[in-house]
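Student: Listed below are the residues making up each chain.
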Amino acid sequence: MIPESEPHPSTGQLIGLPIDTTPAQRPGPVTIEGRYGRIEKHATRHTAELCAAFAGHDRIWTYMSHGPFTDEPSLAAFFDRRAVSSDPYAYAVIDASGRTVGSLSLSVIRPEMRVVEVGHVLYAPTLQRTPLGTEAQYLLARYAFETLGYRRYEWKCNSLNEPSRRAALRYGFTYEATFRQHQIIKDRNRDTAWFSMLASEWPARKAAFERWLDPGNFDAYGKQRHKLGDA
Amino acid sequence: MTTPSEPHPKTGQPIGLPVDPTPAPRPGPVTIQGRYGRIEKLEPLHTADLCAAFAGHERVWTYISTDGPFADEPTFAAFLAQRAASPDPYAYAIIDASGRAVGYFTLMRIQPAMRVIEVGHVLYSPALQRTPLGTEAQYLLARYAFETLGYRRYEWKCNALNEASRRAALRYGFVYEGTFRQHMIAKGRNRDDAWFSMLDSEWPARKAAFERWLDPGNFDAQGSQRVKLGDA
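Protein chains in written order, with the working numbering: chain C, 270 to 500; chain E, 3 to 234.
There could be a bad hint or two in this list.
Which bits of chain C does chain E cover? Going by a derived footprint, with three or more residues having C-beta under 8 Å, they are [as the list claims (entries may be wrong)]:
| hint | stretch |
| --- | --- |
| 1 | 327 to 341 |
| 2 | 380 to 391 |
| 3 | 450 to 457 |
| 4 | 463 to 477 |
Because the hints were derived from the structure by calculation, they are not lab data. Cβ atoms here follow ideal geometry from the backbone N, Cα and C, with glycine treated the same way.
Using the sequences plus the hints, can you model the full thing?
Tutor: Structural data, given as structure tokens:
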């Protein structure tokens, strides 16, 4: 994959094309309404519902740098900290009944590079494999590309985390690399798989999300007719 | 490439193997003697030599994301002073056999807790390019990072358009891992980044290859290499 280039005006070496260097905006405390729920700035008022939704589900923390938490106060303290962090900057995922069922963040925020990552994706079992789980990704990506002006949107995960790798590809991210021995997490080796979506790719990804999220894509039992990304 | 794993004791999910989590020390002001020259902490006293070595060589700066080219010597000297004082990137000057500073490079994005570090901001003047010392300096710094400091991942990245840097990484024994598209905006332009790494487990073989290549017996009377770096 060779990036587009032109010769340097005085040396002739190949260099990248000029681009708009206006920094992207930092994420803010928005509420974004979807069809199956909404995302809104993660706040301490979400903590109680998040504790209820996550308690006892240790599997969720295996590939995270935090958790699992031994008791509710430490789980609550974790969500409270997440609520006030500026990077990662977290959004709560709220279902149609108004219940908080997850949290996801914009992180490693580099406005001057116009690069941001969607990370710390915490989906309670009630949010996993639901239309809202996918819609929350759609709403946040749309916000990052269309409202904030980012040009690279990153996803990374422990390379052993198969569900996260599959999710990235299903959402339309492109696999780019695996960094060997990238981190030491919970005293164990972590290789990191990297994925990205570009601003130029967003219109097609957006259309795919919208086709999939359309109510006509689900049968009477709520089962998808077409997979996300299928024509 | 499969990551070695074992099942999580409770959930059964595959997880990475245990590793020593003792943080690696940060790089320090060492001098490391080689056969063809040495590396030592970059200091303001290297400024005059480096100004002379780099003056008029604009090409050297094209793929450096933030710095250069410099309009005049005072600007370059001010930049070097800043570089010399920085804890990250932490810069080493490369000194030839006659005692002249002919380049510098740095250890950067220093992550002691992860035991990960990058060799970057590699600035080789024409007097250092394609010389045994240019390669030896890489050998000395990698040896320091792995053997003295205890890092387990040693990174190299470059503008994906920088063919010379990509070739150098492979020649030194780094493994290409992938390219980040639209990773940066550098000097007003798009920059894709090519990523490479060398692991602590790979270092003994890389070290042996460096040492074979650097052996005086590997150069003929004209100073031409007999065997390429990395060839058996």
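Student: Does each hint fit the structure? Answer for all of them.
Tutor: Cross-check of the supplied hints:
Counting residues of the stretch 327 to 341 of chain C whose beta carbon lies closer than 8 Å to any beta carbon of chain E gives 4, which meets the minimum of three for the stated coverage. Counting residues of the stretch 380 to 391 of chain C whose C-beta sits closer than 8 Å to any C-beta of chain E gives 4, which meets the bar of three, so the coverage hint holds. Given as covered by chain E, the stretch 450 to 457 of chain C passes the check, having 7 residues with a CB less than 8 Å from a CB of that chain where 3 are the minimum. Against chain E, the stretch 463 to 477 of chain C contributes 4 residues with a C-beta closer than 8 Å to a partner C-beta. That satisfies the three-residue criterion, and the hint holds.
In this structure, every one of the numbered hints holds.
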